[in-house]
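Given these sequences and hints, build the entire structure.
Chain order of the listed sequences is A and B.
Mapping the first sequence onto the UniProt record's numbering, position 496 (from 1) lands on 496, and the numbers just tick up by one.
Mapping the second sequence onto the UniProt record's numbering, position 59 (from 1) lands on 59, and the numbers just tick up by one.
FYI, nobody ran anything at the bench for these hints, they're computed from the structure.
Note that the Cβ used here is the ideal one computed from N, Cα and C, for glycine as well.
Be a bit skeptical, because a hint or two may be false.
[As the list claims (entries may be wrong)] Simulated DEER-style distance windows between Cβ atoms:
hint : chain 1 : residue 1 : chain 2 : residue 2 : range
1    : B       : K76       : A       : L14       : 39 to 47 Å
2    : B       : T75       : A       : N359      : 55 to 63 Å
3    : A       : S392      : B       : G17       : 53 to 61 Å
4    : B       : F32       : A       : L14       : 42 to 50 Å
5    : A       : A292      : B       : G17       : 38 to 46 Å
6    : B       : R68       : A       : V567      : 31 to 39 Å
7    : B       : F32       : A       : R65       : 51 to 59 Å
[To be verified] According to the in silico footprint, chain B covers these stretches of chain A (three or more CB under 8 Å from chain B):
hint : region
8    : 313-325
9    : 449-463
10   : 563-572
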Amino acid sequence: MGLQWEGKSFIDNLPKIYGVYTGGFLVFFALMAIGEKMGMSAAAIGISFVAFTVVIYAFIGILSRTMAVDAYYVAGRSVPPVFNGMATAADWMSGASFVAMAGGIFMSGYPYLAFVVGWTGGYILVATLMAPYLRKFGCYTVPDFIGTRYGGKLTRFCAIVVLIVASFTYVTAQITASGTIAARAFLIPFEWGVYIGLAGILVCSMLGGMRAVTWTQVAQYIVLIIAYLVPIVWMSGAQGFGWFPQFQYGPAVERIIELEPMLGVGTAAAEQVPGLGVLTTLHAEPQAGALAAWQFVTLAFCMMVGTASLPHILMRYFTTPSVKAARNSVAWSLFFIFLLYFSAPALATLSKLSLMDPNLASSIFGKSIAEVEALSWVRNWGEVGLLAIRDSNGDGILQVNEFFLNPDIIVLATPEFAGLPYVISGLVAAGGLAAAMSTADGLLLAMANTLSHDLYYKILDPKAETRKRLLTARVLLIVIGLAGALVASMKLTGILGAVAWAFCFAMSGLFAPLVLGVWWKRANRQGAIAGMVFGLAAGWGYLLAVRGGMEPWLGLDHLRFGVVGVVVSFVAMIVVTLMFPAPDEETQRMVDEVRVPRGETIIGRS
Amino acid sequence: MSVSSEHWRHTRNLMLGHLTVWFVFSFLIHWFASSLYNVNFLGWPLNYYMAAQGSLIVFVIQLFLFSRQQHAVDTKYGVHEDEQ
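This is the structure in structure tokens:
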């Protein structure tokens, strides 16, 4: 194979390589569309999409295998900002963003947009407070920064614990999502789907570490963004809102607001179906009162501060060639994330309208129940228990509060109920799988790297040779992956709850020591340990208390427990720091150096 | 020492400036969502538009701007990295 995965000629050729790749994917899509016209079955199309993309990811993963430490941990620090932006975007956008977000907006309306604001605004914190300084530091992992900045094995160990708690919570949700999609595409039981999804994830990351994950994530981003945008544009064109739906769906929101009182949205359901809900929240109107506003901003706050504390995201900025490139790369990351996030509300709006508007052929409300139950998508999703219809008032006509669904199916089912060809559904399944796999890759790598580099190499066996360290990293990757799959197959939590918890865990433990490590020279080891221990303990304790039935303080429920954690963490860190002497001169000089881009990295120098 | 402390002062002010804009578009305007609901912006109620799109556009522009501005600050004090 003549392709080198680093060096100038490889970097210069990147646009061409991914251009060809994108073209190839579109050709595949066209072939599938022709196949459908010629009578290819829906199942065959679904399997082809999933198999084709997974084989490509595995191919990239195997080609970029490596035995070099720099390449394994930080992709040789040679990833150009734009490509790192795409990789970060894929790393970032998980099953929750791709599958659950638009469905959440569909069901819960305006309050749910707090996730959209929070998951984008966090990057302002990443760029201004963290990424460039961590890049200058030259660390391999996030605990590496904390361990070196504050000194001491215990400090490093605390950071490792927080990282594992947050990332493990997160990764089970991703393995669940990839398992669900694999199960649907291959028509196998969910538990098997989980392990098949895991196998795909491991092939991408095991041999090539960060380098392999970077280049597969770029490929995954391209698939997921095409898969997300195509159905929206298609649907919008078909409904007459124009071909740039994101800028033109305002009238669709207006129309929903007009239809809602006529359809009686807001009337509670007369029956209950376990695990499913009916549409009762208004699409755009916020609930009145200070508590609703407070809940919106605290949720956005948790997601933002959590973003700036999640190790698998921060470590992506260790891979850029320079500090300037790291900053630039944060901007590109947000741009690529933005493309999906500002489309999600459009998707939610258009798919809701296609069910509601009596002028559209796809509408279901107000039609006879027998007619709706005969629709193929209603039957298909009904069979797997994710959708149900109950004629509560017995009039034979479907009302809004008689239509039960699981919000997670909206993105996957929209192409079907908006009347798009099945090839679009196959594309969406491939996109959802790309989103879940890319995030799971990043998370597994973050955990395996920190255990092999920080726990094994820096704490347990500082004399370990390179070969042994990289071997440990790979073994750990498999062990953690299997543990994640095992937990995922037990189906303990939903996708979204687990993701929000991961953010809250990360911000409770890591935000204060990371920010103050750069911005407060006086911060010392004792303070950092206190910040991590008390922060995580307070957040976790509060979560358990709320889950155990305690009345939440100020409406801070289990999705928002990070607020408690981060406040405790800052207070503990500042108070304890001031009780102990300032760090020695060498540490202070180190902080000074981190603050300027010029010069060698801190760790590379020693 | 004084050059680097001047550089840091500048960097810090830039950070605070951007975080102020961030605060306004992350929290302040969404706090007043109920009043914005009655403002119609090209079909969207303004609260919905800002949360679904407006704030996001501000964040993206802000980050590209920040990246340039911080580089300008670094260059001004001669602490930028050498081009390879």
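Here's how the hints hold up against the structure:
1. The given range of 39 to 47 Å is broken by B:K76 and A:L14, whose C-beta atoms sit roughly 32 Å from each other.
2. Between B:T75 and A:N359, the C-beta spacing of about 58 Å keeps the proposed range 55 to 63 Å intact.
3. As the Cβ distance of A:S392 to B:G17 is approximately 56 Å, the hint placing it in 53 to 61 Å holds.
4. As the Cβ distance of B:F32 to A:L14 is approximately 45 Å, the hint placing it in 42 to 50 Å holds.
5. Judged by the Cβ atoms, the range 38 to 46 Å given for A:A292 and B:G17 is violated: they are separated by roughly 30 Å.
6. The hint said 31 to 39 Å for the Cβ distance between B:R68 and A:V567, and at roughly 34 Å that hint holds.
7. At roughly 54 Å, the beta carbons of B:F32 and A:R65 sit within the given window of 51 to 59 Å.
8. With 4 residues carrying a beta carbon less than 8 Å from a beta carbon of chain B, the region 313-325 of chain A meets the three-residue requirement, and the given coverage holds.
9. Counting residues of the region 449-463 of chain A whose CB falls under 8 Å from any CB of chain B gives 0; the rule of at least 3 is not met.
10. A stretch counts as covered by a chain when three or more of its residues have a beta carbon under 8 Å from one of that chain; for the region 563-572 of chain A and chain B the count is 0, and the coverage is violated.
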